[in-house]
Amino acid sequence: DSGVTQTPKHLITATGQRVTLRCSPRSGDLSVYWYQQSLDQGLQFLIQYYNGEERAKGNILERFSAQQFPDLHSELNLSSLELGDSALYFCASSKTVYNEQFFGPGTRLTVL
Amino acid sequence: AQKVTQAQTEISVVEKEDVTLDCVYETRDTTYYLFWYKQPPSGELVFLIRRNSFDEQNEISGRYSWNFQKSTSSFNFTITASQVVDSAVYFCALMNNNAGNMLTFGGGTRLMVKP
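These protein sequence lines map, in sequence, to chains A and B.
All letters in the first sequence, in the order written, are residues 1150 to 1261 by this note's numbering.
All letters in the second sequence, in the order written, are residues 5 to 119 by this note's numbering.
Isolated chain A (complex conformation) (with noise of 0.2 Å):
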């Protein structure tokens, strides 16, 4: 257990419709990461936040917005869902930028 919290485990539902998944971070941990991992593009980075303010952005769609709230959870926002956006939705945390990110179990999203 990496001590990355994350719900729902799965989810599914159709194409257009909106769906939010949160994370918690591991206790101390100020940055969060959301990563997709899809079978035709991999794991990929999305987002990342550190203490509340948006750090980097990777491939994220247009579609898809995150935040992090004061307590440090995060969630992820994916809108007028596509049948390509389902995937599995990890959320990874550490203490400072540099140091190893931990993973959650991730939020399966099928989209029909």
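Hints listed in this document are in silico derivations from the structure and should not be mistaken for laboratory results.
By construction, the Cβ of each residue, glycine as well, lies at the ideal position given by its N, Cα and C atoms.
Be careful, since some hints might not be right.
[As the list claims (entries may be wrong)] To give a feel for the contact side, a few chain A residues facing chain B, derived at Cβ under 7 Å:
(1) Gly1191
(2) Phe1194
(3) Gly1201
(4) Ala1205
(5) Leu1210
(6) Glu1249
(7) Phe1251
(8) Pro1254
(9) Gly1255
Take the given structure of chain A and dock chain B to it, following the hints.
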């Protein structure tokens, strides 16, 4: 741009065999960090090791060992006396100081250890 290549997509061994997973990386930075993660069938990503670019000492942890060679831009991972529980997908990853500290992952190597 940074890139990580794991040329072996799938390896199959019999229990107790030694196996080496290859990782080759590309970066223009002089300061960077290398990682290995394990993804067992249950799906979570488990952190195994982090090395920084200034520390080329090889590391051993139980049956696991890592060989970092800057001259060939490689960070290989060896499992000695493999066990069925080692069956998983293993990812090598690279982090640069100035690339937002994101991890750039290789495509992964699926290791199957047969009894």
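Each hint tested on the structure:
A cut of 7 Å between beta carbons decides the hint on glycine 1191 of chain A: the least distance to chain B is about 5 Å, and the hint holds. For phenylalanine 1194 of chain A, the interface hint holds, since its Cβ comes within 7 Å of a Cβ in chain B; the closest pair sits about 4 Å apart. Below 7 Å, beta-carbon pairs count as interface contacts, and glycine 1201 of chain A has none with chain B, the closest being about 16 Å; its hint is therefore violated. Given hint, alanine 1205 of chain A at the interface with chain B, holds; its Cβ is 2 Å from that chain's nearest Cβ, closer than 7 Å.
The beta carbon of leucine 1210 of chain A is not positioned within 7 Å of any beta carbon in chain B (closest approach about 16 Å), and the interface hint is therefore violated. Hint status for glutamate 1249 of chain A: holds, given a least beta-carbon distance of 5 Å to chain B, under 7 Å. Interface hint status for phenylalanine 1251 of chain A: upheld, as the beta-carbon distance to the closest one in chain B is roughly 6 Å, under 7 Å. About 5 Å separates the beta-carbon of proline 1254 of chain A from the nearest beta-carbon of chain B, less than 7 Å, and the hint is met.
A cut of 7 Å between beta carbons decides the hint on glycine 1255 of chain A: the least distance to chain B is about 6 Å, and the hint holds.
In the structure shown, a violation is registered for the earlier hints numbered 3, 5, in ascending order.
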